[in-house]
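> Sequence:
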Amino acid sequence: MVSNKSNQTRAIAIFLIAAIALGIGFRFFQLERKLFWHDEAYSSIRAAGYTRHEIDQAIFQDRLMPASELQKFQNIKPTSTVADTVDSLVKEDPQHPPLYFVLGRYWMHWFGGSRTASRSLPALISLLALPFMYLLAWELFRSRLVALISTALIALAPLEILFAQITRQYSLLSVCVLSSSWLMIRAIRRSPTSNNPTRAIDWGLYVVSNLIGLYAHPFFGLTLIAHGLYVGLDWLRLVAWERWWQGKKNRSNINHGDLEAIGRANVDDSVNEDLENEDLENPENLDSNADQDVELSIAAEQAAFSNHQPNVVLISYSIAAIATTLLYLPWLLIILDNYQRAAETTSWTKVAIGAAHLIRSWMLIFTDLFNDYDFGYNNGWTYLFRFPYVLIMFLAIAFLSRRATLSTRIFILTAILEPFLILALPDLIMGGKRSAVARYLIPCFPIILLAVGYWLANLIEPNLLAKTAGISQRRSQIHWSLLHSQSARLIGKGLLAAILTLAVFSNWVNAYADTSWTKDLSYHNAAIARLVNAAPNPLLISDIGDDYTNTGDLLSLSYILDPKVQLLLLAKPIDPQVILQQVNANQFDGIFVFRPSFDILTTLHELEVPHENIFPPGKLWQIAPAN
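The C-terminal residue of the sequence shown carries number 2079 in this note's numbering, and the numbering is unbroken.
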């Protein structure tokens, strides 16, 4: 029996390690194939030391140029320095801290500015999420099975892989969410007394991780707010238990020394097994020992109070939070000083889209953690296909909320709910779509996967609950073992295999797609390039656009337009003669207009030049040839 159980455990471990290896491979597979979209182009612009203003001044000059000429702005600007990279952000994108772009600049210097080179940096960074997920799961649950399953889930999560293949700071943000959470939990559990020599080191590392996160992405602040809520609520919990315990102490039949011994966080496995075997042989003891369970629960909380010293933890966390704030203050002042610019750049998030659209977006975004396949946004089969994943997340969080230790419950729930609600509530109350932007919800994603990993591990190994939730949960775990152990194991293994297998399928489909929904406003660029490239001798006309987004997408198109394609980028104000000259020259077999501004369309109308919107989703127009 023991040998059979050992073989099953080994088989599960091998399966999970293979899944992790596949997830690593997917992060680097087909990097060059993916569409290099608008935001990625801007990442390269910033890293190279350019500003958008100087690029606009250089390219919108009413002259013909090959599309490939634009790519010089995706490599390091001659004579520029790191200061130019930072200055570019300060002037035009103050809401983006400089850390990732400075790293990108050095990466560009060493490996060049190709799509593969620039994307390999976030892909490599994303690998750090795997050990940090394992460490966080181990710190919370002390279970290798929970840690391995959680790591396999994040390794194969389609959304995490999509973000890992984008030349942006998203994978770094995910890593920092995990690393800071692990370092905080570890610092709390390794700081039992005020004179612990490792306390300053543990909290110092937490501050360093926080600073990396904040200087990578401002939305890391959502995770830090969740950490503050967790520490505060856990402190209130422990203080409340201590006060309640003081009132019960003299009436208890268990002496104080026994309580601490019984209530240690890491219960000896052999003791658990003996207790479980005793109750399995005599299940009628379960109800008769209910009073002892209450006493054991009290013991666990008393031990937690003694071990964690909540006042010491609260003071240590407060010092770390103050240090983090002070060290982030330089960039925070830059954001405040350039607030109007940052507000203008992000004003699109305040556009109201309605509650129904928000709910559909939430469903798609959170289920993208497990499977990214869909049948279309307005197709009901997409939501029917995704619903089981919604159910899995709900059951996992509900199970953890009932079965994990109270401290762990508080951490998981605050880490998931706080970042989401801070974005979702303003959307619902005032209007907007902040919570419908997947990258803004990154702080939630690893913790959701952790909750699902915990649930699946408890299905596969029902005896795990006593080890991860403390001895006070022993009786309820025995009920679980008596009634559900065999069926739970089968369900758990089947669910785990299905989730990971479907994730592999989703990632395989994504690997061969030339675009994805994460490309946002550049989603249709690949289709646009195919239409333009199909012409024997094409000309593509454009300008800066009404919303000033054309620069980034023209850079995106420059990677996939054929060398034969010529660009005519018009200056403001529009000179009608420049357009008319190319229309009448009969030099090109196909003349296209990409995202024309109102001024271009007005000019074409005034010149009575026939034009047709041949691809409305991508706003690609074609000018009829002159007679």
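Take these hints with a grain of salt, some might be off.
[Unchecked claim] The calculated DSS-like cross-link candidates involving lysine-lysine, where the alpha carbons are at most 25 Å apart (straight line), are:
| no. | residue 1 | residue 2 |
| --- | --- | --- |
| 1 | Lys-2024 | Lys-1885 |
| 2 | Lys-2071 | Lys-1802 |
| 3 | Lys-2016 | Lys-1945 |
| 4 | Lys-1524 | Lys-1543 |
| 5 | Lys-2016 | Lys-1524 |
| 6 | Lys-1543 | Lys-2024 |
| 7 | Lys-1524 | Lys-1885 |
| 8 | Lys-1543 | Lys-1802 |
| 9 | Lys-2024 | Lys-2071 |
| 10 | Lys-2071 | Lys-1945 |
| 11 | Lys-1543 | Lys-1529 |
[Said to hold, decoys possible] Simulated restraints on C-beta separations:
| no. | residue 1 | residue 2 | range |
| --- | --- | --- | --- |
| 12 | Gln-1513 | Leu-1576 | 57 to 67 Å |
| 13 | Leu-1880 | Thr-1531 | 48 to 58 Å |
| 14 | Lys-2071 | His-1809 | 32 to 42 Å |
Read the hints as simulated data drawn from the structure, not as lab findings.
Because the structure is a prediction, the values reported are computed rather than measured.
Note that the Cβ used here is the ideal one computed from N, Cα and C, for glycine as well.
> Does each hint fit the structure? Answer for all of them.
Hint by hint, here is what the structure shows:
1. Lys-2024 to Lys-1885: violated (32 Å)
2. Lys-2071 to Lys-1802: Answer holds: Lys-2071 to Lys-1802 is near 23 Å, not above 25 Å.
3. Lys-2016 to Lys-1945: violated (55 Å)
4. Lys-1524 to Lys-1543: Holds, because 21 Å separates the two Cα atoms, which is no more than 25 Å.
5. Lys-2016 to Lys-1524: holds (18 Å)
6. Lys-1543 to Lys-2024: holds (22 Å)
7. Lys-1524 to Lys-1885: Cα-Cα ~35 Å, so violated.
8. Lys-1543 to Lys-1802: At roughly 22 Å apart (the allowed maximum being 25 Å), Lys-1802 and Lys-1543 satisfy the hint.
9. Lys-2024 to Lys-2071: holds (20 Å)
10. Lys-2071 to Lys-1945: violated (48 Å)
11. Lys-1543 to Lys-1529: holds (17 Å)
12. Gln-1513 to Leu-1576: 57 to 67 Å: violated (38 Å)
13. Leu-1880 to Thr-1531: 48 to 58 Å: Since Leu-1880 and Thr-1531 have Cβ atoms about 50 Å apart, the given range 48 to 58 Å holds.
14. Lys-2071 to His-1809: 32 to 42 Å: violated (21 Å)
Consistency with the previously given hints fails for numbers 1, 3, 7, 10, 12 and 14, ordered from lowest to highest.
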